[in-house]
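> Listed below are the residues making up each chain.
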Amino acid sequence: MAAIDDIPFKGLDQAAVTAWSEALGDPEWFRARRLEALAALEKLERPTGREEPWRFTNPRAAGLDRARIIRGGAQPGAPEELSPGHGKASSGGGSGAGTELEPGGLIAMADGAQTGRPKLAADLAERGVLLTDLATALREHADLVEPRLLVAAAPFDEDWFLALHATLVSAGAFLYVPRGVEVELPIGAVYRRTRSGATFAHTLVVVEDDAALTLVQEHGSPEELDGRAFHHGVTELFVGERASVQHLTLQEWGSEQVTHFGVQRALVAREGRYRSLLVTLGGGVVRIAPDARLSEGSEADFLGAAFADEGQRFEHRATVTHAEPFARSTLLYKAGLLGGSRNIFNGNLIISPGARGSDAAQTMRNLVLSRHAHAEANPFLEILNSDVRAAHAAATGRVDDLHLFYLQSRGIPREQARRLVVFGFFEEVLEQVSVPAVRRRLEAALEAELAREVAA
Amino acid sequence: MVTDARDLTQTPERINPVPENVDLGAYKYGWHDKVTSVFEPKRGLSHEVVEEISQMKNEPDWMRQFRHRALDYFYRRPMPQWGGDLSKIDFDNIFYFLRATEKQAASWDELPADIKSTYDRLGIPEAEKQRLIAGVAAQYESEVVYHKVREDLEAQGVIFLDTDTALREHEDLFREHWATVIPANDNKFAALNSAVWSGGSFIWIPEGVHVEIPLQAYFRINSQNMGQFERTLIIAEPGSSVHYVEGCTAPIYSSDSLHSAVVEIIVKPHAKVRYTTIQNWSNNVYNLVTKRAAAYEGATMEWIDGNIGSKLTMKYPAVLLLGPHAHGEILSVAFAGDGQHQDAGAKLTFAAPETTGQIVSKSISRDGGRTSYRGLIKVEEGAESVKANVRCDALLLDEESRSDTYPYNDVKEEDVTLGHEATVSKIGDDQLFYLQSRGLSEAEAIAMIVRGFIEPISKELPMEYALELNRLVSLQMEGAVG
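In order, the protein sequences belong to chains G and S. So in the working numbering, spot 22 of the first sequence is number 22, and the numbers just go up one at a time. So in the working numbering, spot 72 of the second sequence is number 72, and the numbers just go up one at a time.
Keep in mind the hints are simulated off the structure, nothing from the lab. Keep in mind that the hints are not guaranteed to be accurate.
[Unchecked claim] Okay, derived cross-link-like pairs now, EDC-like style, lysine to aspartate or glutamate, Cα gap no bigger than 20 Å in a straight line: (1) Lys387/S to Asp401/G; (2) Lys426/S to Asp401/G; (3) Lys378/S to Glu224/G; (4) Lys378/S to Asp430/S; (5) Lys43/G to Asp159/G; (6) Lys426/S to Glu382/G; (7) Lys387/S to Asp400/G; (8) Lys10/G to Glu28/G; (9) Lys387/S to Asp410/S; (10) Lys188/S to Glu52/G; (11) Lys188/S to Glu51/G; (12) Lys148/S to Glu176/S; (13) Lys426/S to Asp159/G.
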């Protein structure tokens with residue numbers, strides 16, 4: 001079978017998917033799963049934008065009908081030497097030395113293909129930690145992957161885009177932390193786009209009981225692309241009993257030609273702890289849907305910070321399901337909006353019938369910095385058990401004149417005062433980022449955004 | 001979808017069989033009276049039915065055309081896929097028009113005895129006798145059967161008529177405002193109402209006139225599979241004020257009825273309108289209502305919305321704030337028991353600078369009932385210095401019940417202060433213990449806590465309605481302890 005580097009979205013059929021699967025070197029079990037997903041895709045209703053989950057982001061922004069599904073960069077010589085921070089924050093200035101991550105491991109993908117070999121600190125490999133690309137995981141770790149990949153946390157038959165993802169996924173990362181192993185240094189996964197087309201990347205993370213992990217996912221691109229790029233990313237996380245996972249996701253696409261639909265699903269076992277931080281700064285249309293399902297006594301904290309500029313349309317739709325008793329969750333999302341930008345926060349907190357003793361809170365705040373910006377904050381609650389403590393709050397406002405006045409009365413120029421107030425607005429989120437390197441990195445990225453605002 | 005209207009040769013008794021051994025539960029209005037319709041009722045919906053309704057009412061041509069256009073909109077629009085379960089509504093099995101009496105009565109004694117006894121049992125003549133109200137209208141099935149307005153208000157030029165009569169007697173005033181706030185194509189059920197509407201209230205308050213005591217209307221569905229589609233239009237001229245109160249009941253039948261009203265309110269500059277509803281339909285009525293007010297400069301619009309009955313209610317009273325300094329307020333209380341889904345909420349659209357608004361929602365679920373708050377705060381571009389506040393509190397009384405909160409907050413302006421807060425809780429054991437230690441039974445204690453929970457809303461009601469709400473809540477609470 002000849003190498004196939006891309007296929008059109010139009011006319012996907014069994015023959016095309018089989019050829020795609022052969023070109024990717026899938027093992028038999030995963031080829032069968034792709035074909036099942038294709039069959040599911042044909043049965044599922046393709047979202048049109050009228051459905052409730054798609055009322056804020058037009059699914060057609062993916063531009064699939066005219067797109068080709070690609071795997072691999074057009075230009076040879078993809079960067080061999082990997083370093084995180086490909087996004088515009090590091091290239092746009094503002095982040096000097098010392099803000100880079102020093103990861104315990106790193107894996108990278110570009111345009112739907114792996115680039116370079118994954119790197120993992122030697123001591124982690126010795127303790128049984130695995131970090132491999134998707135193809136290797138499918139072949140060599142089927143025992144861990146097969147029962148989970150696109151069937152447990154994010155089942156492909158649930159939703160049209162998930163089915164499409166399972167049919168076409170061409171790159172990804174597999175990360176495994178054995179029982180009781182605590183990975184101190186963050187592990188990075190970098191997803192880059194350098195050209196137009198559609199890509200499907202998957203990240204599967206298994207953290208066994210009593211283990212700990214910090215995962216940093218970064219999305220970046222150069223400022224110029226040759227056309228529209230659609231990135232569909234699915235991350236499935238399995239958080240074991242009493243395990244602890246910190247999960248940071250950075251959208252720092254340099255180009256607004258990028259449309260990014262992201263799905264993140266975490267299944268948190270008894271007394272597990274999951275902490276998600278979402279930071280969205282770059283991209284044209286970005287829709288990220290983090291989701292956690294909590295077992296008895298587990299905890300989830302969702303944090304988010306977004307800064308949208310002219311022309312950018314962001315949607316962050318989080319779902320937290322308290323499936324069992326005595327789980328605790330919090331959500332704190334904040335966004336600043338400039339120009340004619342748009343940001344949607346959508347939260348759905350579900351307390352299942354048996355989930356007594358649940359404790360949950362949601363807070364969403366939009367800071368509108370331009371009269372043409374459009375902010376929405378929709379904190380939903382679906383509560384099916386009376387023994388709960390659930391509250392939510394949403395607010396939209398502007399920079400408080402009193403704060404500005406106070407700072408100016410202390411001799412701080414107005415523009416600088418404004419930046420301080422905006423920075424202070426995000427501080428509540430940033431101060432909860434416990435990895436110092438990551439926090440510095442975020443502060444730098446935010447400073448860069450604010451500097452752009454003043455320059456504009 | 002279109003079916004020919006079928007002639008029914010059944011007598012009303014056969015149409016309205018009394019199900020044997022029906023458990024009326026706590027619902028006090030679950031009886032029905034045998035009332036013979038004065039014309040042969042037809043089930044189903046078609047252009048012929050619409051034509052017949054229009055001709056029977058002897059309407060002007062523009063209204064006839066409006067109805068037909070609306071029916072086309074109804075056919076064209078898909079069923080809503082959100083909110084409650086609407087799949088069980090059988091549009092072909094509904095009576096779209098029933099006339100229960102030949103002519104409207106102007107004094108209570110003129111009413112046919114059977115209808116009079118219906119309303120006597122609802123307690124309406126007492127309220128009127130006691131002169132607690134400025135005017136009263138009673139709608140039975142499709143048409144208003146009794147109407148009375150105080151002479152002094154008539155002398156001031158206040159118009160309070162049923163909507164059909166208003167169209168005949170004040171056509172120009174009527175046409176100027178009709179369907180300006182809720183167009184026929186607003187949503188599927190507003191389209192249905194626009195096609196087959198009948199009855200409802202038409203109120204016009206002249207400039208500067210303050211109606212000091214409430215105008216009231218009572219709506220009653222008596223027949224099985226009845227659709228009630230009343231249409232209310234209230235116009236408050238500049239500087240005037242009025243409080244309108246409506247109550248709704250229906251008997252319990254084994255198959256479902258549909259109530260799909262449209263209420264439009266125009267609050268002109270510096271006028272004030274308060275609209276109070278206590279909906280206590282029986283638990284087999286689909287209550288799908290569109291209520292919207294337009295508030296101009298300096299005007300105040302208040303909706304007080306109580307949802308106690310019905311199988312499914314989908315109702316979101318709205319205020320469009322169209323002029324500077326307009327103020328909108330919505331107080332909503334919902335109570336869902338076994339088999340009930342109250343999908344109620346509120347909408348505020350801020351389309352002018354310096355406008356303000358507030359929503360307070362209180363919901364109580366028990367016995368597997370489901371309450372949903374669904375709300376929208378929308379701030380349009382150019383609406384500077386807007387202040388909006390939303391507060392939703394839900395009380396869950398047992399493990400089987402459900403409470404949802406779906407607030408949408410959509411802001412297209414920079415200079416906005418918008419807050420939304422919600423809490424969900426149960427009755428605290430310490431609260432119960434305290435009250436019981438003072439000698440209250442558990443049931444009394446729970447009822448007292450629930451009354452306290454809804455107090456911010458019940459205190460805004462006219463006294464007899466506040467009493468009624470408290471009584472209904474206590475009734476609903478019976479057997480809540482388990």
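> Report the numbers of all earlier hints that the structure fails to satisfy, in ascending order.
2, 3, 4, 8, 12, 13
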